[in-house]
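A.B. asks: Below are the chains, spelled out letter by letter.
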Amino acid sequence: MKKRTGVFVCHCGINIAGTVDVKKVADKLGKHKAVAHSEDYVYMCSDPGQNLITNAIKEHKLDSIVVSCCSPTLHEKTFQNAAKAGGINEFQSEIANIREQCSWVHKDKEKATIKAEKITRSAVERVNKNESLEPISFPVTRRAMVIGAGIAGIQAALDMANTGYEVVLVEKNPSIGGHMIQLSETFPTLDCSQCILSPKMVEVSKHENIKLLTYSEVQEISGYVGNFNVKIKKNPTFVDPDKCTLCDECTKVCPVLTSDEFDLGLTGRRAIYMPFPQAIPATYTLDDKHCPGLLPIACGKCADVCDPGAIDYDMKPEIIEEEVGAIVIATGFDLYEKEEMGEYGSGKYPDVLDGLQFERLCSASGPTQGEVLRPSDHKVPKEVVFIQCSGSRDPEQHCAYCSKICCMYTAKHAMLYKHHVPDGQAYIFYIDIRSGGKGYEEFVQRAVEEDGVVYLRGKVSKIFEYNGKIRVWGVDTLAGKDIEIDADMVVLAQAMRPSKDADKLAKLLKISIDKDGFLQEAHPKLRPVESVTAGMFLAGAAQAPKDIPEAVAQASGAAAKALAILSQENLFHSPQVAKSIPNLCTGCGMCVDVCPYDALSLKNGKVEVNEVLCEGCGTCSATCLRAAIEVKNITPYQIYEMINASLGG
Amino acid sequence: MAEEFEPKIVAFLCKWCSSAGSDLAGVSRMQYPPNVVPITVMCSGSVSPLYILSAFNKGADGVLVSGCHPGDCHYIKGNYYARRRIALVKELMEYIGLEPDRFQMSWVSAAEGIKYTKIIKDFVNILKPLGPQTNLRRSQ
Amino acid sequence: MEKILTKKSFPNWIAKLATVQIYAPVVKDDLWSYEVVDAAGITTEYTNAIQSPKKIIFPQRELFLEFSHNDNGSPEIRELLPEDKESIIFGIRPCDAKGVSHMDKVFGGDFEDSYYWKRRNQVTLVGVGCNTPPSPNCFCTSVDGSPFSHEGLDVLLTDMGDNYYVQTFTKKGDKLVNMSKGLFAAPKPKEKADLESLHKDAETKLPRHLKDTKKIPPKLKGLFDSEIWDDESMSCIRCGICTYLCPTCHCFDISDEITSHSPLEGKRVRTWDNCQFPDFTMHSSGHNPRPDKASRLRQRIMHKFQYFVEIYNNYQCVGCGRCISKCPVGIDIIQVLEKVRDHV
Amino acid sequence: MVNLDDLKKEALNLLKDEKVKYIIGYTEGSNGTSAAPAFIKNPEDTDKLVWNPGCFHNLTRFLRDEKKRKAREKHPDERPVGIVVKGCDSRAINVLLQEKYIKRDDVFILGVSCESTGVIDEKKVAKKLKGKKAQKIEWDTNRNLVVTTEDGTTKIPADEVLAERCVECPVHSPVVYDIFFGDKIKRTTDAQFKSVEKIENLSQKEKWDFWKKQFDKCIRCYACRSVCPMCYCDECVVDTISFAVTADTTAEEKAQRIKWIEKSPTPSETFIYHIIRAIHLAGRCIDCGECERVCPLDIPIRFLNKKLEKEAKSLFDYEVGFDPDQLSLVSSFKDEDPEDFIR
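Chains as they are written, first to last, in the numbering used here: chain A, 1 to 649; chain B, 1 to 140; chain C, 1 to 344; chain D, 1 to 343.
Source of the hints: derived by calculation from the structure; they are not laboratory data. No false leads were mixed into what you were given.
With a cut-off of at most 30 Å between alpha-carbon atoms, the simulated DSSO-like pairs for lysine-lysine come out as follows:
1) D:127 x C:7
2) A:606 x D:254
3) B:115 x A:111
4) A:525 x B:118
Please work from the sequences and hints to get the whole structure.
C.D. replies: What follows is the structure in structure tokens.
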């Protein structure tokens, strides 16, 4: 059906009219078979200009408009509103950009006028095939989920819960707290990590809006922004926290001794244990990998001594289903395994530690109650070598990226060491010192000046045991000489890696990961806390290596983004989305594969569009060999007509 | 007096980077020849080979497809698909003996008004000596 | 008239004919095809061309008219008739010439197709008879033809060894001979007798035969719903080779081809169409009366051996064998017709 | 050696045990050297099966018809169709699986090895025979084609009559099958893209002249499209009317059919048809060479598809038809895909 289009050519003062004969453009387009009315005006975006459009729509019974003016990034919405005011659908309005893409870049008036005609004609052809569309609206489940309860997850959960929305916080470990709770002091202020984190942990456990699911993992997810359905598997702790009185009798009788995860193997724990004294939830967990009691009639000692009868060997995994509107993913990091570092002894020397182990050694609540002692012989180390970039910035063998926090925490380690062992000597091997951040550079200087830390610029080539010490071979590239140190202890600033199984979770959630395995943000600059999938947000080191303040900031950012969804009863989505043509679809699934948003799926051998997820990029339509999918209002047919219009006269 | 040949160029610009880049060229008042008519598409990944062929068929002397730099795609990866698809089109066109210079692809970000200007200027200069494109043009 | 032309004089005659455009078989990359040639390029030693010279009289694309929109938006239309240009098709095979005579019937009659006849009237058909069958699938004698049939021809040449026996059947044909009267001699009785026996002999050399062809049209009447079509079309791939190569198939489509959208310019053209294509009978409603390849094979056979016979009293098949030779999957019209004939 | 009797026996058992609906195989053709596709439903007809150097047809093309037929049936027979495939054809099965056009259970694959030879190029054989009609053709064990004509038998070395695609073939035996016939011979070719390189080495003008001459011959019979197992779209860009019409289709939707190319066999339209077809087959064509074989005007269409096969391999390390689970060429990418052509 032929439309009645109105064409409105803006002079933009002399911005357009100076190089384009606007009257001629209006005249020429007026002759187009689908154009019922055309006129020019000095400022279309002004109130009188908009009124002129609105009145022309009514007067000439127009059903669509083209405004030839500046870039659509400026006034597309303005003229859509003018269209609406005139009583026609906002999607019956198109902009022909004859300013930025024409009048401002050309001087030859005749040629610029012809080009402006083509651009306008092209917009007329497009609007002629535009469908009237209404924004897609759908209700929001107004609660959120946070996956991972380290500092980032805790912060995001608290931020959201404090605004009054219910939050489901899922943590795979028996306690929340993440890596931060393992740290002794934090740079650059050297305040005690546990002291600042545990109040937040308690707040989480007591918060009426937070539903805490520890020892739990996300298993399945369906739905879309505003309406996710998540299935979570809660692993059995075999201890009923409501009955448990924390009397600690059970650990005394438990015959099993195994390595302690919280102390990173520097101490041991029983099969039934509390991860650490401040653990939240404060309860015991029976580790089914090590407990013999779960085997029929092997052991039952802990149950025997448990007066309240809190221990239940028959506890089964539980599947919990949660409906949420937004998800924050804060799965954190793990350290690059020492075993990967062949040149540094592949983790086989007990006195070669990674940064987190050293944190535990320094921690007042750690295995040595805050004394720095060699794990091998419990002697005080007099010379300690710290090696930065252990695994980082090494694209050939290890990780290509910079782990960002190591410069700072190594300075802190050296400083803490000196505070514990004032007569000891700390050496730091480094490539560069990256100390961007508030108070960071001063902190590094303090380590050098006040604590006499020796910074050696260069790489360590090899470390090995020698005469009960650890011999470190390296090079000082500034002095240009080889260095040999017989150290009592070596601390490796291991690279940060995405936490184990983050890739599996990403696959489950259908969000992408980058080449290093960190979660991929939607845009590296402009959308750093959003994932590719609408309604899923990223926080903390899961997205990239970062320190505590950055993780907290991103967590609050992610929370704010999630709140923007939760605060609405209904979400609206642009209706300019893909549309399938089932008669042509053969169900090959190529469009499904290319869709960046997982908006497409196959059902009964045909593609189906989830309009809420689709962003209308059209990659599907160019991929489809059978023209069975297209984006509304920018269909191949419209492009075809626009090509024709662009090449005329 | 014989008029100088003015090539007709159709440019498929992605909305978020290249079209914005051409807007920037405008805002900065850079000057380039008026031979190019832009068609703004959502993403370079949505440019079907059919569009390119159709433009040549309808008389384009040159066709440009421009998108965001790799990694910058507003739709995350549309430009990667475009890159692959268009590499194939380009190879095939060259193999068939069509002047390969008539078809170009570029990455132009929203900040690269200068680059966009240069691309159009260069393209026009390349096309002028080639004369009208008749091989794929529907004319008879 | 009947004349003798020595092979020595043949080039001289051709040189005389070459005052008009001559189409003749030429070989390019092992393929024979009818192209415009100069006198020197003409031979009578050739196998059958892939395409019959039908394409010269009934081109695959015929321009009908040109249209445009002028500045006030009103249309302008200009008819495009084929140009005035006499030509000769030299070396057309008798079967292909017979195909032309079939097309004359279709495009003639009560409604004359001006485009077709403009070309047809300007062309003179000089046939070369087939002493030996030009294709391993020739079966002209089974469809009322012969290697020396003159139906549709203006002139027929028979290769007699040292001479050509030249027969003319129309004024156009006479004219060609009369152009170089001196080159031609009257045939002797012996030569007349030789011609007759040569023609008879040639008929015995045909490689393929279809017996009792007459029984087929009446038989077809009862076979519209037969399963025979399903069986025989199983291996059909729905391409258009059989029809596009057929010297008698004449179906076409008319469409408007736009060359410029603003201002609007374009041409109305007639192009060949093909009953083996699924879109040939597709209705815009989505209904397709011939939805499958069985019904399309049936159409091809029935059109050639029933409908055309009912209207024009001729088989719409001249036995050239092209559809058999070139079918990608070996569908053999003779075998199909035999199954039809023997169907019980 | 492929034992034809084994093949027949297997076919017979499959039909007798009603394990398959019917068997798509080869039978004697009426046209001399060429075999013909056969659709065998009755156990007693299995004796008509042949396996010889004239079995060039890619029978997987007929799975299209089978799928359409099945879709029309109210109570379709869910048994698989038996199908005889060569190495190249088996890769087509993998592509059809990859594109979810068929399910693995839809076919029972009788894989036949090409061993050390392949199939013939009919035109090469016809030239050798100089007009004589072959009554029987077969390979001997020394890579010779043994041709029986009315004058007796002659031997022609395989390399003189093999189809070019067989010379350039990297597989030679089926990569997916239920039963395998013949010997699994590992054969490599260093000339996989020789025919392409010949054209690549031409100058730009020579390339254009070459293709112009070829495409000028095109009569748009669409045999290339029709014979192709990958050209299974219900509606093709060259079709004049929309097939995707149902009772709900509005007049407006019908009117929105884009005429990308005209029906006229003019150079621009014919070129675009062939370019589009090649692009649509990129990463899908398995070089069975059927498009080229069936072309009545001998247009070397295969060279187009082969070019893109070459580029897929060299630019994107993509090979077609070996893994039914891989992502398609154009629905996948790598970060390091070349972009030196991009400004």
